[in-house]
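Protein sequence lines, in the order shown, are assigned to chains A and B. Reading the first sequence from the start, the letters are residues 1 to 238 in this note's numbering. Reading the second sequence from the start, the letters are residues 1 to 52 in this note's numbering.
Any given hint could be a false lead.
To be verified - Reference excerpt, derived from the structure (chain B facing chain A, CB under 7 Å, subset only):
| # | residue |
| --- | --- |
| 1 | Y12 |
| 2 | V13 |
| 3 | E41 |
| 4 | T47 |
To be verified - Now the in silico label distances, taken between C-beta atoms and shown as ranges:
| # | chain 1 | residue 1 | chain 2 | residue 2 | range |
| --- | --- | --- | --- | --- | --- |
| 5 | A | R149 | B | R37 | 21 to 31 Å |
| 6 | A | I159 | B | I10 | 16 to 26 Å |
| 7 | A | I20 | B | V18 | 47 to 57 Å |
| 8 | A | E145 | B | A15 | 40 to 50 Å |
| 9 | B | T47 | A | T204 | 35 to 45 Å |
| 10 | B | R37 | A | G187 | 46 to 56 Å |
| 11 | B | V22 | A | R111 | 17 to 27 Å |
| 12 | A | T38 | B | V26 | 24 to 34 Å |
| 13 | A | A232 | B | A15 | 22 to 32 Å |
| 14 | B | Q44 | A | A41 | 53 to 63 Å |
| 15 | B | D43 | A | M170 | 44 to 54 Å |
| 16 | B | Q44 | A | R173 | 22 to 32 Å |
| 17 | B | G33 | A | A41 | 33 to 43 Å |
| 18 | A | R186 | B | V26 | 32 to 42 Å |
Claimed, not checked - Per the computed footprint, the stretches of chain A lying under chain B, defined by three or more beta-carbons under 8 Å from a beta-carbon of chain B, are:
| # | segment |
| --- | --- |
| 19 | 37-49 |
| 20 | 54-62 |
| 21 | 103-109 |
| 22 | 122-129 |
| 23 | 132-140 |
The set of hints was computed from the structure by calculation and includes no laboratory data. Note that the structure is a prediction, hence the values are computed from the model and not measured. Glycine included, C-beta positions come from ideal geometry on N, C-alpha and C.
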Amino acid sequence: MSPVNTNAFDPPKAGPWVAIGWLSFAFFVFTQVFAVMTSPADAMMGHLQKMMYVHVPAAWVTFLAFGIVLVASLYFLMKEDERADLLAASAAEVGSLFCGLTLVLGMLWGRPTWNVWWSWDARLTSTLVLFLIFVGYLALRSFVEDPQRRGQWSAAVGILGAINVPIVWMSVRWWRTLHQIQSNPRGLSPEYLRGLLLNVAAFTLLCIWFIQRRYVAARYERAAEHASQAAALGGNDE
Amino acid sequence: MNSATVSGGIEYVVASYVITWVVLGVMLVRIVGSVRRARAEYDQARTGGFRT
């Protein structure tokens with residue numbers, strides 16, 4: 001079987017993405033330093049509050065990446081355009097990384113505040129389930145050779161995994177958890193809010209850049225496969 | 001996170017930033033490397049015939 005839409009066989013067009021990447025990293029460094037230097041110790045949390053500038057943005061971009069997986073997977077199932085499948089896979093890879101990072105950062109925050117590294121409460125458990133679903137998604141892709149079947153199966157898993165995102169988000173309201181409910185930005189002091197919003201913006205830029213670069217690599221890999229097959233068959237793909 | 005008043009714990013803050021920076025740095029290097037490899041692979045396949 002082969003995909004109906006073979007646009008993924010064309011190499012991707014060059015763009016200003018390298019420059020955007022370096023600017024994103026420079027912005028990220030600035031926002032991290034700015035947030036740490038300008039936020040005073042919290043009355044309750046002390047300096048542990050500063051973990052908010054890495055934990056919360058990492059969780060946000062996890063949701064963003066898995067949202068992209070959802071949209072791209074649905075698009076693939078409707079149009080059978082392999083580019084959507086490659087985009088979903090790129091977003092799943094980056095999202096899994098940020099999800100794992102969110103879990104580790106949460107554990108580091110939980111130890112001094114709750115006195116435990118881990119608790120099987122609804123927020124932590126649902127986030128772990130989300131992480132495992134997308135690790136399974138990536139494992140599934142490596143086992144299936146046929147591009148169309150790989151796209152269909154992984155789109156199904158990707159959609160299933162993305163459905164877990166609102167459950168993770170609402171878990172702190174639906175069940176009693178150690179984890180606090182989502183903070184209302186209007187209730188946050190400006191000196192904390194500035195740093196948080198800047199870091200959310202920086203993580204978002206980095207996440208989009210990672211996904212775009214991974215997608216470009218995947219497109220080149222598919223174009224190379226196609227060029228090799230065309231050469232082997234004596235055809236000309238130029 | 002729910003907690004009573006917490007003091008200290010600066011080592012957890014430092015660890016969280018170090019881990020974040022290392023993870024993002026490794027991700028950057030891996031992704032830039034994968035784009036370069038894939039592009040070289042494509043150029044080779046296009047100009048140098050097929051791979052085995």
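Test coverage of the segment 54-62 of chain A by chain B using CB-CB distances below 8 Å; three residues minimum. Since three or more residues must qualify, the claim that chain B covers the segment 54-62 of chain A holds, with 3 doing so at under 8 Å.
Pairwise beta carbon distance, B:G33 to A:A41, judged against the given window 33 to 43 Å: Since the Cβ atoms of B:G33 and A:A41 sit about 40 Å apart, the hinted range of 33 to 43 Å holds.
Quick one: are A:T38 and B:V26 within 24 to 34 Å, going by C-beta? For A:T38 and B:V26 the Cβ distance comes to about 28 Å; the hint holds.
Can the suggested window of 17 to 27 Å be confirmed for the beta-carbon pair B:V22 and A:R111? Check passed, 19 Å falls within 17 to 27 Å.
Pairwise beta carbon distance, A:R186 to B:V26, judged against the given window 32 to 42 Å: Because 37 Å falls inside the window, the suggested range holds.
Verify the coverage statement for the segment 122-129 of chain A against chain B, using a C-beta to C-beta distance below 8 Å and requiring 3 or more qualifying residues. Coverage by chain B is violated for the segment 122-129 of chain A (0 residues, Cβ < 8 Å).
Cut-off 7 Å, beta-carbon criterion: hint that B:Y12 touches chain A: holds (5 Å)
For the pair A:R149 and B:R37, does the Cβ-Cβ distance stay inside 21 to 31 Å? Holds - the Cβ-Cβ distance for A:R149 and B:R37, about 26 Å, lies within 21 to 31 Å.
Holds or violated: the segment 103-109 of chain A covered by chain B, criterion of 3 or more residues with Cβ-Cβ distance under 8 Å? Held - the segment 103-109 of chain A has 4 residues with a Cβ nearer than 8 Å to chain B, which meets the minimum of three.
Are 3 or more residues of the segment 132-140 of chain A near chain B, judged by a Cβ distance of less than 8 Å? It is violated, with 0 qualifying residues against the three required.
Range hint 44 to 54 Å (beta carbons of B:D43 and A:M170) holds or violated: holds (48 Å)
With a cut-off of 7 Å on the beta carbons, see whether B:V13 makes it to chain A. holds (5 Å)
When held up to the earlier numbered hints, the structure conflicts with 4, 6, 7, 13, 16, 22 and 23 and fits the remainder.
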